[in-house]
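Participant: If you use full-length UniProt numbering, the sequence shown corresponds to residues 1 to 337, in order.
Each hint should be verified, as a subset may be incorrect.
Stated by the list, open to error - Calculated pairs, DSSO-like style, for lysine-lysine (alpha carbon to alpha carbon, straight line, at most 30 angstroms):
no., residue 1, residue 2
1, Lys-35, Lys-203
2, Lys-258, Lys-292
3, Lys-28, Lys-77
4, Lys-292, Lys-270
5, Lys-203, Lys-287
Stated by the list, open to error - Just the calculated beta-carbon pair ranges, DEER-fashion:
no., residue 1, residue 2, range
6, Glu-54, Gln-274, 33 to 41 angstroms
7, Lys-23, Gly-86, 26 to 34 angstroms
8, Lys-203, Gln-57, 23 to 31 angstroms
Keep in mind that the hints were calculated from the coordinates and are not lab data. Quick reminder that beta carbons are idealized off the backbone N, C-alpha and C, glycines included.
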Amino acid sequence: MTILLTGTHLTPAIATIQALRKKAPEAKLVYVGRKHTGAAESVEKEEIERVGAEFRQMTFGKLHRHFTWRQILELVKFPAGFWQAGKLVSELKPEAVVSFGGYVALPLVIWGKLTGAKLVVHEQTTGWGLANRIAKRLADVAAVSWEEMAGQGVVWTGNPIREEIVSAFLQRRDSGIESVSSLPSSSPPGQFLYITGGNQGAKAIDGVVEKILPDLAEKFEAVSVSRAGANTVTELMYLGIPAILVPLPDSAGGEQQKNARILEETGLGKIINQERLTGESLLAVIKELTGKSINYFAEAKKSARAMVEPAAADRLAEIILREGLEGTEGEERKYDK
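All chains should be modelled from the sequences, with the hints used to inform the complete structure.
Facilitator: Structure representation (structure tokens):
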């Protein structure tokens, strides 16, 4: 069986590949992605090959919700990307095509449908993205990360979590450790600050943090400062890490603001909008958050973890394999027609 996976959300794809590799070691897994994200080199190829899937690169045109002059340049890429997608699908003859959303996925979704492959679409955010909203109409199975989005033909799987994250949590739980600050051997307990910005980084956060590094030398409990992508938020909630979230201002449909509110409502984190982000405001919120009681965080972590499905990758992998097997046993495929 050949399974083609694609999308602009990398970590749930990695988690799903890990689950598929365990459940169907003989399956051919191919991930179609990007060599660059914006002006930066993408980590997709390295990470996908690390978990045992083949990586293929394509030219993609990006869909924008509002027309700009850049959209004209992106539209030029669509014919080339669509042709490449058709050629790749004809070559691989996948039984299933899996979309994790984003402009990368749409040409492959369309070709998969045209050639008779089973189509599985997974949405990680609190609302359907533009590409996945289109793909959903063509899908054999549409799956979501948040239970309240399920129903009317949409199934809830949860957001796939990488093996490394699940293992880290289980090790901490089994050893009785509740603070991530105990994990890095170079950091004494209570002095660990994790700063991340997704796979494209976050210069706005980095610049502010650099200005207050001397003040951050004070002792504090483990805390994360990050953007609010759906996958980052899911992993923070699962691990129970207190977080200060700086949503990406121009995220599609304000999705990062919505993701951040989910975590904030559990009590596990705070939001600082980027226009209010300064060294002083960040330091004040870090001190506020880390000044909470142990009992407060125990309840917040419990609330956050209750919203996350740790078996999501397995559940999604089972759906993909079931659909793929139906594809192999069904009507004659359309690749050569």
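Participant: Run every hint past the structure and note whether it holds.
Facilitator: To see whether the hints hold, each was checked on the structure:
1. In summary, the hint linking Lys-35 to Lys-203 is supported, as the alpha carbons are separated by about 21 angstroms, within the 30 angstroms threshold.
2. At roughly 24 angstroms between alpha-carbon atoms, Lys-258 and Lys-292 fall within 30 angstroms of each other, so this suggested pair holds.
3. Restraint check: the Cα-Cα separation between Lys-28 and Lys-77 comes to about 28 angstroms, which is no more than 30 angstroms; the hinted pair holds.
4. For the hint pairing Lys-292 with Lys-270, the CA-to-CA distance comes to about 12 angstroms; that is within 30 angstroms, so the pair holds.
5. The suggested pairing of Lys-203 with Lys-287 holds, with an alpha-carbon distance near 22 angstroms, which does not exceed 30 angstroms.
6. At about 38 angstroms, the beta-carbon gap between Glu-54 and Gln-274 stays in the expected band of 33 to 41 angstroms.
7. Hint check: Lys-23 to Gly-86, Cβ distance near 29 angstroms, so the stated range 26 to 34 angstroms holds.
8. The supplied range of 23 to 31 angstroms is met by Lys-203 and Gln-57, whose beta-carbon atoms lie about 26 angstroms from each other.
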